[in-house]
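> Chains as they are written, first to last, in my numbering: chain F, 334 to 674; chain H, 334 to 674; chain A, 334 to 674; chain P, 334 to 674; chain G, 334 to 674; chain V, 334 to 674.
No wet-lab data here; the hints were simulated from the structure. Honestly, I wouldn't trust all of these hints.
Identical copies carry no separate label here, and so any pair may be met within one copy or between two of them.
Computed list of lysine to aspartate or glutamate pairs in EDC-like fashion (alpha-carbon distance at most 20 Å, straight line) [what the hints assert, rightly or not]:
1) Lys504 - Glu418
2) Lys492 - Glu418
3) Lys411 - Asp383
4) Lys602 - Glu521
5) Lys435 - Asp524
6) Lys492 - Asp383
7) Lys411 - Glu457
8) Lys504 - Asp476
9) Lys504 - Glu570
10) Lys561 - Asp524
11) Lys487 - Asp452
12) Lys435 - Asp609
The lines below spell out each chain.
Number of protein chains: 6
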Amino acid sequence: MNNKVVTFGEIMLRLAPNGYLRFNQVDQFQATYGGGEANVAVSLANYGVDAEFVTKLPAHEIGQAAINDLRRYGVETKHIARGGERIGIYFLEKGASQRPSKVIYDRNHSAIMEATTADFNWDEIFEGATWFHFTGITPALGDNAAAICLEACKAAKAKGIKVSCDLNYRKKLWTREKAGQVMAGLMEYVDVCIANEEDAADVFGIHAANTDVTKGEVNHDGYKDVAKQLKDRFGFEYVAITLRESISASDNNWAAMLYNGEDYFFSKKYAVRIVDRVGGGDSFGGGLIYSLVNNYEPQAAIEFAVAASCLKHTIEGDFNRVSVAEVQSLAGGDGSGRVQR
Amino acid sequence: MNNKVVTFGEIMLRLAPNGYLRFNQVDQFQATYGGGEANVAVSLANYGVDAEFVTKLPAHEIGQAAINDLRRYGVETKHIARGGERIGIYFLEKGASQRPSKVIYDRNHSAIMEATTADFNWDEIFEGATWFHFTGITPALGDNAAAICLEACKAAKAKGIKVSCDLNYRKKLWTREKAGQVMAGLMEYVDVCIANEEDAADVFGIHAANTDVTKGEVNHDGYKDVAKQLKDRFGFEYVAITLRESISASDNNWAAMLYNGEDYFFSKKYAVRIVDRVGGGDSFGGGLIYSLVNNYEPQAAIEFAVAASCLKHTIEGDFNRVSVAEVQSLAGGDGSGRVQR
Amino acid sequence: MNNKVVTFGEIMLRLAPNGYLRFNQVDQFQATYGGGEANVAVSLANYGVDAEFVTKLPAHEIGQAAINDLRRYGVETKHIARGGERIGIYFLEKGASQRPSKVIYDRNHSAIMEATTADFNWDEIFEGATWFHFTGITPALGDNAAAICLEACKAAKAKGIKVSCDLNYRKKLWTREKAGQVMAGLMEYVDVCIANEEDAADVFGIHAANTDVTKGEVNHDGYKDVAKQLKDRFGFEYVAITLRESISASDNNWAAMLYNGEDYFFSKKYAVRIVDRVGGGDSFGGGLIYSLVNNYEPQAAIEFAVAASCLKHTIEGDFNRVSVAEVQSLAGGDGSGRVQR
Amino acid sequence: MNNKVVTFGEIMLRLAPNGYLRFNQVDQFQATYGGGEANVAVSLANYGVDAEFVTKLPAHEIGQAAINDLRRYGVETKHIARGGERIGIYFLEKGASQRPSKVIYDRNHSAIMEATTADFNWDEIFEGATWFHFTGITPALGDNAAAICLEACKAAKAKGIKVSCDLNYRKKLWTREKAGQVMAGLMEYVDVCIANEEDAADVFGIHAANTDVTKGEVNHDGYKDVAKQLKDRFGFEYVAITLRESISASDNNWAAMLYNGEDYFFSKKYAVRIVDRVGGGDSFGGGLIYSLVNNYEPQAAIEFAVAASCLKHTIEGDFNRVSVAEVQSLAGGDGSGRVQR
Amino acid sequence: MNNKVVTFGEIMLRLAPNGYLRFNQVDQFQATYGGGEANVAVSLANYGVDAEFVTKLPAHEIGQAAINDLRRYGVETKHIARGGERIGIYFLEKGASQRPSKVIYDRNHSAIMEATTADFNWDEIFEGATWFHFTGITPALGDNAAAICLEACKAAKAKGIKVSCDLNYRKKLWTREKAGQVMAGLMEYVDVCIANEEDAADVFGIHAANTDVTKGEVNHDGYKDVAKQLKDRFGFEYVAITLRESISASDNNWAAMLYNGEDYFFSKKYAVRIVDRVGGGDSFGGGLIYSLVNNYEPQAAIEFAVAASCLKHTIEGDFNRVSVAEVQSLAGGDGSGRVQR
Amino acid sequence: MNNKVVTFGEIMLRLAPNGYLRFNQVDQFQATYGGGEANVAVSLANYGVDAEFVTKLPAHEIGQAAINDLRRYGVETKHIARGGERIGIYFLEKGASQRPSKVIYDRNHSAIMEATTADFNWDEIFEGATWFHFTGITPALGDNAAAICLEACKAAKAKGIKVSCDLNYRKKLWTREKAGQVMAGLMEYVDVCIANEEDAADVFGIHAANTDVTKGEVNHDGYKDVAKQLKDRFGFEYVAITLRESISASDNNWAAMLYNGEDYFFSKKYAVRIVDRVGGGDSFGGGLIYSLVNNYEPQAAIEFAVAASCLKHTIEGDFNRVSVAEVQSLAGGDGSGRVQR
């Protein structure tokens, strides 16, 4: 049986100066499109999975351009509601060395922010679907968006569809209190929980027990403890935690851990020279969902997800444009970067 | 005595595909800044006039970039209020031949739209000023903006500052009824009224008497009649009307008329191959204000204003980047385009 | 009932210097994709018609990029065969004024040229289709391609699908003799024949009777005669002939005629300032098919088709990126090019 | 016998904003190379003539880049002296419609301006040469440059090499008095004199007799008279005069006349949509020399030269990148600009 | 009381190939503006300090573009003299890994090089100023420039304005002997002396005592000794020395030391991945002046200056476009480069 | 006596996305030219050696553009045969970090692939030549190409011209068996053999004796053994082996060894941050030939060759655009990357 994965959330117009130029140096912006759940859908489409992205976009040409970009990568867009006032925008200035990347959001009043549950018929959308994915950004867009999320989760459960969620806490969108309350209500429908090293603390106040999370192996124990607490509280099937070490805006170490309720599977760690870091977490989610819907063993699953997201850091734009073969080659050990002729 | 001209309104980020590409063909946008009153301020600064632009802009780097662009051309920006959520944006797709240019506005919720009268101290702003200019776009931004305009007009009058207004009716911002009512309240403070061939009808319901405005000389009579009605109703010192003939998106004819309450002064007509048509009307306003603050005779004034705006059509971006010498050369008859070595 | 149009042919990588630069001046090429039947499919998809393009493309990333570009505009690509050695390429240098545009073909040995009838299952492809379109370029690609065309035509007829063909004679691909022979064999399946002023003569040796086709009204009679001869010989339902007057590489006049076996319908003539002339004929085909599948009256049909292709001349790339509303606005008389705000 | 043409003068780095942007709008300049005599050499090399360009350039990489650009088009560069302080630069802002192109020279102190006769061994340079060309710009560079020109002319005459000169008066480089005096001294070595409609008056005070040069046929008589006076005074074999009508920076009419001492041969007149007008006169010189060294009849010669330079106006950069076949096609009457497939 | 800092020197047009392309590979140059003292002024303006830059620039549009670029960043330009022949130019090719960056100067005969003391009225310029800064490049431009520097220094001292100087020895502009003599004459007016590891030796023959300056801690002693000798000889209030370790064109280590006559304050050392190294020293000067006019403690001052210049290495162009908050964040320890959302 | 080096092989059009963009993300390709032997010719021309490149290219403008690019760098092109159907193309996607660069070849049916021995007159081509160079790619193009290579080798030997060959095994062009057989036949004419760490095994089945080539000094022994076996089998004068350690697509270590039949000379090892890795091996060949024709001592020769190719990794495009002075500076120890002012 084919897998069909539906993701739901916001896709934004991303405006970025070329290269390492600063915002106030430029008279050109790169114009691409991206957003947590859209990025996951593109990842999956690139892996050959039937992937559909659901959102609401204005009827004008810029809204259409976002749809066109999704279609280009093979993402199904037929249930995207059209209407509303504007598409969310984010401005991205790429950092280098000690200078961090900078994101300015201009996403308020976007079509998806002002959408209502009436815009989406989940029974129809989930026709034939086997997996549903969203991130913590979507319910953070407002009460309407949270309500739509909840409806989608319920519809998914009713149809026996697996649900994954990347906690993805964004402090500019809501407070920790609000996040904790809303997200807790959604977690009961979630089977696979993805988080980075801070999300569990920010959203649910879950900290690693009896250890100050600082360095080395201690860290591993801390992450295990966080994963276990998440599992214990919400009953997830899987908890995945990404482990980023930010050396500078140019160099990061990147790894992750998968917990299946019994064992903890740690991936290899990659030393990455960064081309574009945005979407790194989403590409991990895309890789993880791919490996889970294809029934990879836990160690293979986490290696695939981390290799996929390692590669994303070398690719411009939010979307991870890599194939299964490319991910498997890296996961299988070839990170030498030798020319493929 | 030096002249100092203050203009007030919105400046937006303008995002445009390169060349003649369509919105959904591109992954780069040209990023420049513009807006009716800002464009006038830049024109005047380029002519050596002390020009100041007043608005409200968000505190972030994109807001700063708009300010930097104004400063680059020598416009004073010190009274620009900082704060609010976002800078207005407009997307511009350049037309060619039979394909019209297309503008998508994304300006709602901008800092200036949500500004209040408390953001501006007009007594301080008008210190040393001799002229104030705004357009019909600004009061159309909302009741707050209209209230600020009114305060500015009153403050200007109280200080003996001349006031000019370009009617600039925008149907997406308000209805004709609302426009007519609000603008009428402002007109009593206005000395110089600028309009295109449709504004007087749209805003004030003023149509040319006993003639169907169609072609040739009849047109001239129609415009005279409209100017006279405007003058009679509001007591303007000058009424200027621009006369555009749109042959296609690539070719326009361009001329204007100035009425000083006694005589009607028609300019030469230019056949223009268009490079960038946006800001054409504003460059006329800038040229007219320049010639009036320098006490040009009416015929010379209208010739300067039309030559200035003719040149604007050959320049990329909203701003008219021409010097007094360049305008005078064209107004004086040299439109041969021979290389200036 | 929805219409579904299938087109079949070659899509090539188009490599073009930017602006008006010559081939040997540049170190960048614009890389887009296009080809007669693919261009028609994109036109139709932009008009909201279900459009599918069928071809064969190599399995590598450049072949995929061609598919992605089609998908971006909503064209169905699921029956595109993958395999073969290469994608056809054409180099395009844009002309200006007296300097003509220049095309260098590098299309030999392309995947579609070396495809066989085994690559396509027309019964499956035509599932639900109502219209099939190809051009004279496809059978000119070689005997295999001609055989596939013939199979497709037969399958279409068997299913009651309308068939249209743009004669599109290309002297670099085959001789007039070969063209005449092969095309005659295909014409019996064709309902709608599209040609420019030279195709009928080049392919079928059909010339206007008793007149030297030169200027003005005489021309009209000549075109009528050619259309009638085509109809009489092959029994087409419609014959459409495009009328291009090449003033220079920058300026063309553009019009067309439609013959329904009874009357001759001449469109308006447009004076076009050219942005990109390549794909002009295909956009006419796309417009004509759209209007015919939507049962436009003949005069309305030819006006729509000509307005659509007039607009194409203002758009970069082979594909015509315009909407029904835009075409109708021009066909309805608004060629003023005034800014659409 | 093969022809070998030597040209001598200055080649400059040309810095130009992209498109129609103004100098103070840009953060990129197009960097190409050009200069009157270098342009002629490139024209000839493109026509398959052995062409050599002689100048002096600094030893650094920018000097080398100028040489590389000449080599790219097949111009021999082996006698270019290396040394001196700098390469001359000119900034070019492209005009459009009523806005003229603008040139800012930054050429003082260039290597060629400060070169001396010791830098060039004309006996060696002229080995095998059959033609020598220079323009009035070169002696205008200073007394040293004028002295080198004189030495070159003498050496050419001594070897029986034909000499051509384009008067090319540049008022920023010298006064009319100085020009008249220096150029008169060089003219005795010149066989073919090229001038535009003003050069003869500026340099030699030669005006059309008994006529105010204004319009139409009168003009023709005026040009004839000027050519005859030039011939009578200096004994030229040929006098060629280019006839430019500047309608605007976007549109020019272009034609020329050739006088062989007996008859006056007027070319066709071309209405040109300008892509890049700089180098237009030089491309005429290149075309004329080509046709004369190939012994074209006078009418054919002037048609070739004018068609060549007509095409130059459609090509970016100083250099005329066209082939003999392209020029002949236009001279032969095909200015339709139809796509060459 | 507000601080106002005046800097004086040359601003040049900087022409650089894009990315890592070499000079003879390109047909585009990035065109920006920069120069030691201009760079310092921009740094300070970005920090909110009233900063004014004084120089002489030609009256033409390229001169104006340099001024516009300064204004864009808020630098006061009203005392820039206009006139002279040309703006200095430098060509910059960016290095990578083992290939060094290369600079070709074309700065002779620039307006500022040929300016005289009559061009500047320092009493007027220094109205309200609290600090004056220049570098060793300016007096190296020639005797006139040195005389202007001296006048400026004397005027500054007479008004109680602090004076800082970055020694900045440039061997292409003058000999060590000449530099030593002229600079010594200026040092008596200088309060704050900035130097890199070689300047003191090149200009004043001051070497570290009894040690071969090679590695590690020894180095620190050497720098201390040089700073002390400078202080002892010229009585500076502060001596700052930058410590660059060039690993390759892509990687440098960067640190500095400040000596206040009593103690030696060493900054943190940053390992920098270089985006653009030019202007690195000037950004240190800008940071140091900022921290001193704001009365930072010595350790905080040197940390701010080094963090500021560390960030400059990640920014394209001569100018350091960073805010006080960004510098403080890095100086305070956050060099992780994590995305700022 | 001057040296003249002739190289023979294929030059291809290289199409590469800008920066690190992937193939299916772009609508622009960088268009440059390159190929093993052409790259060597350009290296040598840049070093001042008379270098000629021989191939066959189609007569059209893209073929001409390849020639123009060679001429630009001073390579003699007069014996390039013109004709055939197409120029080979390769698509290059630049990798970064763990993502490898990817090459898609579209070189079949190229003019040089379909050339025959009749296209080249080696007696004439080798007039005055002292060195002939080819790579294993050329005979791999097909039997015709191998036959031309053989003819060239014989002609070279007959004239006492030294012959060098870079083994350069390409598995997509031929099998190991075929390669081994054809190459063995050519080796008898070869004096200098260049190989990387895998070529000897791939082509001739030569592996390092009694050691698993893994790390450190063992490696050195392995390479020595391979070199000795090559020498013993074919009697080469020199065997050079390049030693690349691929850490990632961004970072490589680079070194080489030269064996003169007596001693083994190992170069320094460079840690390279890669700008463009393609052509790295060819630049080694170019450096080696330069040092051998100039009779460098073996250690100096291998240091020059490795420094040359180290620099190539920092340069965009296939061609190594460096001077002798630049290579010598690095070979002499200055890899600090300090700005050269």
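> Next, verify each hint and record whether it holds.
Status of each hint after checking the structure:
For a Cα distance limit of 20 Å, the shortest separation of Lys504 from Glu418 across copies, 16 Å, qualifies, whereas the shortest one inside one copy, 24 Å, does not. With identical chains, the CA atoms of Lys492 and Glu418 are never at most 20 Å apart, being 33 Å at best within one copy and 41 Å at best between copies. In this assembly of identical chains, Lys411 and Asp383 lie within 20 Å of each other by CA distance both inside one copy and across copies; the values are 13 Å within and 13 Å between. Proximity of Lys602 and Glu521 under a CA criterion of 20 Å is satisfied in neither setting, with 32 Å inside one chain copy and 49 Å between copies.
Within a single copy, Lys435 and Asp524 get their C-alpha atoms no closer than 33 Å, and across copies no closer than 38 Å, so neither meets the 20 Å cut-off. Taking identical chains as interchangeable, the C-alpha atoms of Lys492 and Asp383 lie at most 20 Å apart only when both belong to the same chain, with a minimum of 18 Å there against 30 Å between chains. In this homomeric assembly, Lys411 and Glu457 come within 20 Å of each other (Cα to Cα) only inside a single copy, at 11 Å, whereas the closest approach across copies is 23 Å. Taking the shortest Cα distances, Lys504 and Asp476 sit within 20 Å of each other inside one copy (16 Å), while across copies they are farther apart (33 Å).
With identical chains, the CA atoms of Lys504 and Glu570 are never at most 20 Å apart, being 27 Å at best within one copy and 46 Å at best between copies. Only within a single protomer do Lys561 and Asp524 lie at most 20 Å apart by alpha-carbon distance; the minimum there is 14 Å, versus 62 Å between protomers. Taking the closest pair of Cα atoms, Lys487 and Asp452 come within 20 Å of each other only inside a single copy of the chain (16 Å); across copies the shortest separation is 45 Å, beyond that limit. Taking identical chains as interchangeable, the C-alpha atoms of Lys435 and Asp609 lie at most 20 Å apart whether they share a chain (12 Å) or sit on different chains (19 Å).
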